[in-house]
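Protein chains in written order, with our numbering: chain A, 460 to 800; chain B, 460 to 800.
Hint data in this document are derived by calculation from the structure and do not stem from the laboratory.
Being a predicted model, the structure only gives us computed values, none of them experimental.
Possibly wrong hints are sitting among the right ones.
The list treats identical chains as one, so a pair stands whether inside a single copy or across any two.
Claimed, not checked - Computed list of lysine to aspartate or glutamate pairs in EDC-like fashion (alpha-carbon distance at most 20 Å, straight line):
1) K576 to E560
2) K721 to E690
3) K721 to E800
4) K634 to E750
5) K721 to D693
6) K500 to D670
7) K634 to E654
8) K634 to D578
9) K664 to D646
10) K500 to D743
11) K765 to E750
12) K576 to D550
There are 2 protein chains.
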Amino acid sequence: MNTINRQIRLAARPQGLPKDSDWSHTTGPVGDAPDGGVLVKVLYLSLDPAMRGWMNEGRSYIPPVGIGEVMRAGGVGRVIASRHAGFAVGDMVSGAFGVQEYCAIAPAAIKPVGLVKIDTRAGTLPQWLNALGMPGMTAYFGLLETGQPKAGETVVVSGAAGAVGQTVGQVAKIKGCRVVGIAGGRDKCEFVVRELGFDACIDYKGGSVRDGLKEHCPQGVDVYFDNVGGEILDTVLTRINRRARIVICGAISQYNNTTPVKGPSNYLSLLVNRARMEGIVVFDWADRYGEAVQNIAAWMRAGKFKSREDVVEGLERFPEALAMLFSGANFGKLVLKVASE
Amino acid sequence: MNTINRQIRLAARPQGLPKDSDWSHTTGPVGDAPDGGVLVKVLYLSLDPAMRGWMNEGRSYIPPVGIGEVMRAGGVGRVIASRHAGFAVGDMVSGAFGVQEYCAIAPAAIKPVGLVKIDTRAGTLPQWLNALGMPGMTAYFGLLETGQPKAGETVVVSGAAGAVGQTVGQVAKIKGCRVVGIAGGRDKCEFVVRELGFDACIDYKGGSVRDGLKEHCPQGVDVYFDNVGGEILDTVLTRINRRARIVICGAISQYNNTTPVKGPSNYLSLLVNRARMEGIVVFDWADRYGEAVQNIAAWMRAGKFKSREDVVEGLERFPEALAMLFSGANFGKLVLKVASE
Numbered sequence: 460m461n462t463i464n465r466q467i468r469l470a471a472r473p474q475g476l477p478k479d480s481d482w483s484h485t486t487g488p489v490g491d492a493p494d495g496g497v498l499v500k501v502l503y504l505s506l507d508p509a510m511r512g513w514m515n516e517g518r519s520y521i522p523p524v525g526i527g528e529v530m531r532a533g534g535v536g537r538v539i540a541s542r543h544a545g546f547a548v549g550d551m552v553s554g555a556f557g558v559q560e561y562c563a564i565a566p567a568a569i570k571p572v573g574l575v576k577i578d579t580r581a582g583t584l585p586q587w588l589n590a591l592g593m594p595g596m597t598a599y600f601g602l603l604e605t606g607q608p609k610a611g612e613t614v615v616v617s618g619a620a621g622a623v624g625q626t627v628g629q630v631a632k633i634k635g636c637r638v639v640g641i642a643g644g645r646d647k648c649e650f651v652v653r654e655l656g657f658d659a660c661i662d663y664k665g666g667s668v669r670d671g672l673k674e675h676c677p678q679g680v681d682v683y684f685d686n687v688g689g690e691i692l693d694t695v696l697t698r699i700n701r702r703a704r705i706v707i708c709g710a711i712s713q714y715n716n717t718t719p720v721k722g723p724s725n726y727l728s729l730l731v732n733r734a735r736m737e738g739i740v741v742f743d744w745a746d747r748y749g750e751a752v753q754n755i756a757a758w759m760r761a762g763k764f765k766s767r768e769d770v771v772e773g774l775e776r777f778p779e780a781l782a783m784l785f786s787g788a789n790f791g792k793l794v795l796k797v798a799s800e
Numbered sequence: 460m461n462t463i464n465r466q467i468r469l470a471a472r473p474q475g476l477p478k479d480s481d482w483s484h485t486t487g488p489v490g491d492a493p494d495g496g497v498l499v500k501v502l503y504l505s506l507d508p509a510m511r512g513w514m515n516e517g518r519s520y521i522p523p524v525g526i527g528e529v530m531r532a533g534g535v536g537r538v539i540a541s542r543h544a545g546f547a548v549g550d551m552v553s554g555a556f557g558v559q560e561y562c563a564i565a566p567a568a569i570k571p572v573g574l575v576k577i578d579t580r581a582g583t584l585p586q587w588l589n590a591l592g593m594p595g596m597t598a599y600f601g602l603l604e605t606g607q608p609k610a611g612e613t614v615v616v617s618g619a620a621g622a623v624g625q626t627v628g629q630v631a632k633i634k635g636c637r638v639v640g641i642a643g644g645r646d647k648c649e650f651v652v653r654e655l656g657f658d659a660c661i662d663y664k665g666g667s668v669r670d671g672l673k674e675h676c677p678q679g680v681d682v683y684f685d686n687v688g689g690e691i692l693d694t695v696l697t698r699i700n701r702r703a704r705i706v707i708c709g710a711i712s713q714y715n716n717t718t719p720v721k722g723p724s725n726y727l728s729l730l731v732n733r734a735r736m737e738g739i740v741v742f743d744w745a746d747r748y749g750e751a752v753q754n755i756a757a758w759m760r761a762g763k764f765k766s767r768e769d770v771v772e773g774l775e776r777f778p779e780a781l782a783m784l785f786s787g788a789n790f791g792k793l794v795l796k797v798a799s800e
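Please model the entire structure based on the sequences and the hints provided.
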């Protein structure tokens, strides 16, 4: 294709919060679908806290993005050229397209879950990056498989208005739990209670998390789904019940540290309470995503489940949008709109 | 009985390491067996890191020792008077006798596991405070139930020459694991390798734990049984495998802190590795102690399992002996000999 592909590449490994000079904006030719592959026009990209980790050197659950490489990002888009029997022009697909306008996908990258057709009757494209996408899968399996909530138990989730938190809380409500969110700001707290049906939400910017937990979790905390780490994790540890399960999904408060991560000082509460803290990575459930999508889509159709996205428009605004995640400026799952369908 | 009972009581809540003025040495009459109860002559007392926690105010898995109360301690002794049908004069028993020479036990304190007859054919009295007592039970169930080691996996245990560590390592060897200890000093390291059959032992006082783990755990760490917390826990976290299990049994490095406990900075390794950290309290397996005693006694008889105790003699030396635990001066399970049989 005789078109220009704008791309954003990692120019340097950030110290602390990523800054403009950590990125380079480049252009290149779009080209054609590779032999046996497809060419995708990117429509929306997902902005996720985990991206910050991918920018660091060192061993993790996936290799870091190399300096000079297009920044890794999940997205949804439309197939505009195909040399693969399984995909036709016009198919809506999700995959790890990267921060660019077009993505050529070689056959090796298609299997087994590299490129997935999505059904826009089940949800909008942004929802396919939220409740029906990675954050939703993370929340669904992390809560149900690792958190093991039982009806009547109290589930606390931090980052409650964020992509993962929304789904954690709503699934926990559907499973009959008392659900208390932790979020930054009154608007977010009101949203998760009024719109998403949480039982309560603690505004960590507006008051004491400790007091909020005392008030809203009179029976203690049975499951804590942690997206933030830091002081909030430490405070929740003082309120857990016997045999509590703490799901370590992320630690957004620590991702831009230039000093060592703050470990949870109160981790000995695990001992006193015979409790468990366990880390999760969503890819481990890749062969079961279909089950979660089906359930969440059904709950959405039945009006039991809502999905809120915060859409920033324009590929070039990627660095600015990413920073919103770490200041908490986004309200709902943050997505970058790259192009109209 | 017309005899004097010497007792050691908690006089003040210690700041940091307990000091002499935190104790009071008192004497009182021994008295008789209470109605429906028994009178025990204390022979050996167990000295355990957990004691330090019992001296602090605040919520824990058991209430703190009150100021002015006889210090809580487990022990073994001989029934010297009985008004209870289940116990006869001369029976050897174990129970929470406290730091004193004689203990009168009311019927309410006998059931269900407050006073247990012990069989001195299965092990010596000090062994009944070690491998056949609380440390052995803690090690046996914490390792097997919470650690879930599989044959061929690598198990690391800190405090390896101590009461719990000895049993953890030997049981893990019996289960077919590679076992690497961490202990302070060459003598202790040599002991666990030569006498107890560990595959290797890292001397944290003599070198780098990180280097030792690299050398002795070439396949990474599948189970870490942590008795010490602090820097060692943090270092092991950098070497764990996927789905590793970290058993939080204690944190002796942190018990005398006057500053906040050092939380594990590397806890996000749990996330990357989908690993689990879980706290244990031995009392949860109280109804299964018999099973563990039977297995450990059989292994001892078969020459597959050794038990090493470090005996300090004299009730009045309790404060000095307790301090040995925290400096690591003891070599093997530390017990206080209060009287000859």
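Results for each hint:
1. For a Cα distance limit of 20 Å, the shortest separation of K576 from E560 inside one copy, 19 Å, qualifies, whereas the shortest one across copies, 77 Å, does not.
2. In this assembly of identical chains, the alpha carbons of K721 and E690 lie at most 20 Å apart whether taken from the same copy (8 Å) or from different copies (13 Å).
3. Neither within a single protomer nor between protomers do K721 and E800 lie at most 20 Å apart by alpha-carbon distance, with minima of 43 Å and 52 Å respectively.
4. Only within a single protomer do K634 and E750 lie at most 20 Å apart by alpha-carbon distance; the minimum there is 16 Å, versus 38 Å between protomers.
5. Taking CA atoms no more than 20 Å apart as the test, K721 paired with D693 passes in both settings, with 10 Å inside one copy and 12 Å between copies.
6. For the homomeric pair K500 and D670, neither the shortest alpha-carbon distance inside one copy (49 Å) nor that between copies (49 Å) is at most 20 Å.
7. Taking the shortest Cα distances, K634 and E654 sit within 20 Å of each other inside one copy (18 Å), while across copies they are farther apart (53 Å).
8. Taking the shortest alpha-carbon separations for K634 and D578, neither the intra-copy value of 26 Å nor the inter-copy value of 50 Å comes in at or below 20 Å.
9. Taking the shortest Cα distances, K664 and D646 sit within 20 Å of each other inside one copy (11 Å), while across copies they are farther apart (53 Å).
10. With identical chains, the CA atoms of K500 and D743 are never at most 20 Å apart, being 28 Å at best within one copy and 58 Å at best between copies.
11. Proximity of K765 and E750 under a CA criterion of 20 Å is satisfied intra-copy only: 18 Å inside one chain copy versus 52 Å between copies.
12. When the C-alpha separation of K576 and D550 is checked against a cutoff of 20 Å, the pair qualifies only within one copy, where the shortest distance is 7 Å, while the shortest distance between copies is 75 Å.
Violated hints, listed in ascending order, are 3, 6, 8 and 10; each of the other numbered hints is respected by the structure.
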